[in-house]
Amino acid sequence: MINKVVSGAEEAIRDISDGATIMLGGFGLCGIPENCINALVKKQVKQLTCISNNAGVDDFGIGLMLKQRQLKKMISSYVGENAEFERQLLSGELEVDLIPQGTLATRCLAAGYGMPAIFTPAGVGTEVAEGKEIRNFNGKDYLMEYAFDADFAIVKAWKGDTAGNLMFRSTSRNFNPVMAMAGKVTIAEVEELVEAGELDPDHIHTPGIYVHRIFQGKDYEKRIEQRTVRKSGV
Amino acid sequence: MFSKEEIAQRIAKEIKDGYYVNLGIGIPTLVANYIPKGINVVLQSENGLLGMGPFPFEGEEDADLINAGKQTITTLPGSSIFDSAMSFGMIRAQKVDLTILGAMEVSENGDIANWKIPGKMVKGMGGAMDLVASAKNIIVAMQHINKAGESKLLPQCTLPLTGVKCIKKIVTELAVLDVLPEGGFKLLERAPGVSIEFIQQSTAGRLVVEGEIPEMRLD
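Residue numbers (our numbering), protein chains in the order written: chain X, 1 to 234; chain Z, 1 to 219.
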């Protein structure tokens, strides 16, 4: 067994330097790699290209990196919850590539599956299609979209083992498994790290071959964006 | 004239037993409250859940369990969880029977714009472009007229498009309309107390009115 364990977020991100392209898992604030984001903020690494579905909120998640102007470019599908993002975008300080969510996920998947490109109907006839190759299959137009090429993928899992195998919990799974497959170097932070052999091989979502570094994170805040409840007894 | 809740209630009548349905943010989310009793419907949330249940009871919120609107939710017996690529895989492969979403503009040939106001609102398309490009059946839930008093049913969209020739049905506070394959909004039903003349005035695109137009019923 190859041991993938590192001491923590600082060691995990040690070689992420200015100008790197990184993927960050999560949907909204659900399932984001909090420890690594905080370490990147502390390290003040700059000129990053960041591939992530959302951009956090103003004072949490990727929003913290935006505040410090650490990002050169953001590739996302929805950034509606972050005022600083919108400001940097409209002022031209931040380069932004907004792409359909399914395209984002599938470009990760393609990278992890060793396929150079995908064909999707999402965006045909819209400004997303500008400059892209269109192919017609069975009477319907599809855009050719390239697999992502990311230096690092940083994901958050529920449980992991020392061999790098990952299990996710509930909808915090979202982009994490497909991004885990897509990085040249993949870093996983987990809520609970166990010895190899303790996780049932049948229940592994991401096989350890895709994961290069793993550590047990700490002090998870797991912030909720929209706390919606119903009254008990109704 | 219909309230947002009544628009949602009218749309719920389009949902049939055995449907897998994706509900967008806004009025579409309300549709979940009016699904007819006695039919089995599975709600898909594109962040990776089939079988979306109601909001949790106070104190039972789980930060790891949210819907595409980032709201805390619950699962139901029979629910399943998957990653984002599979979620859009099932959408692209047309396994989802019905998509209900909001819009800023719809054109008479079925184009939809709902993600961007150049120079103003920059939020992104989220999953909307994937959904409208692949869904078998799409219903738009929206106001007939925008806050500036302008019609949202147009000959051509003026805002950047989300998808082309994809919308089949629209339900607004004034009317239920089909988008005709050859172009045009065919008036099917009008909200109680709303005249055909008023719907005509409120529709900038070509409105097709044939025969008696009944009032919308919610029961």
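Worth double-checking, as some hints may not be accurate.
To be verified - Stretch-level coverage of chain Z by chain X, calculated; a stretch enters the list once three of its residues show a Cβ under 8 Å from a Cβ in chain X: (1) 29 to 36; (2) 124 to 133; (3) 140 to 152; (4) 180 to 191.
Stated by the list, open to error - BS3-like, lysine-lysine: derived pairs with alpha carbons at most 30 Å apart: (5) Z:Lys116 to Z:Lys4; (6) Z:Lys120 to X:Lys67; (7) X:Lys140 to Z:Lys136; (8) Z:Lys37 to X:Lys140; (9) X:Lys132 to Z:Lys120; (10) Z:Lys165 to X:Lys140; (11) X:Lys42 to Z:Lys123; (12) X:Lys140 to Z:Lys186; (13) X:Lys132 to Z:Lys168; (14) X:Lys67 to X:Lys231; (15) Z:Lys123 to X:Lys46; (16) X:Lys140 to Z:Lys4; (17) X:Lys46 to X:Lys231; (18) X:Lys140 to Z:Lys16; (19) Z:Lys123 to Z:Lys136; (20) Z:Lys147 to Z:Lys37; (21) Z:Lys165 to Z:Lys186; (22) X:Lys231 to Z:Lys4; (23) X:Lys43 to X:Lys140; (24) Z:Lys95 to X:Lys72; (25) X:Lys72 to Z:Lys16; (26) Z:Lys123 to X:Lys73.
Because the hints were derived from the structure by calculation, they are not lab data.
Backbone N, C-alpha and C define an ideal beta-carbon position, used for all residues, glycine too.
Open item on the list: Hinted pair, alpha-carbon criterion (30 Å max): Lys37 (chain Z), Lys140 (chain X). Please report holds or violated.
Closed with: Given pair Lys37 (chain Z), Lys140 (chain X) is violated - Cα atoms ~38 Å apart, limit 30 Å.
Open item on the list: Just to be careful, I want the Cα atoms of Lys120 (chain Z) and Lys67 (chain X) compared with a cutoff of 30 Å; is the pair within it?
Closed with: 21 Å, holds
Task: Agreement of Lys165 (chain Z) and Lys186 (chain Z) with the hint, judged by alpha carbon distance not exceeding 30 Å - done: 15 Å, holds
Open item on the list: Tell me if the straight-line CA distance from Lys46 (chain X) to Lys231 (chain X) falls inside 30 Å.
Closed with: 46 Å, violated
Task: Lys43 (chain X) paired with Lys140 (chain X) [C-alpha distance capped at 30 Å] - done: 47 Å, violated
Open item on the list: Run the distance test for Lys140 (chain X) versus Lys136 (chain Z): straight-line Cα separation, threshold 30 Å.
Closed with: 13 Å, holds
TODO: Take a quick look at whether Lys132 (chain X) and Lys168 (chain Z) sit within 30 Å of each other, Cα to Cα.
DONE: Roughly 27 Å separates the two Cα atoms, so the pair holds.
Open item on the list: For a C-alpha distance cap of 30 Å, please report whether Lys132 (chain X) and Lys120 (chain Z) respect it.
Closed with: 26 Å, holds
- [ ] Measure nothing beyond the straight line between the CA atoms of Lys95 (chain Z) and Lys72 (chain X); if it is 30 Å or shorter, mark the hint as holding.
- [x] Violated, at about 38 Å.
Task: Holds or violated: Lys42 (chain X) to Lys123 (chain Z), with C-alpha atoms at most 30 Å apart - done: 28 Å, holds
Open item on the list: Is the coverage entry for the stretch 29 to 36 of chain Z by chain X consistent with the three-residue Cβ rule at 8 Å?
Closed with: violated (count 0)
Open item on the list: Cut-off 8 Å, C-beta pairs, minimum 3 residues; does the coverage of the stretch 140 to 152 of chain Z by chain X stand?
Closed with: violated (count 0)
In terms of the numbered hints stated before, the structure departs from hints 1, 3, 4, 8, 14, 16, 17, 20, 23, 24, 25, listed from lowest to highest.
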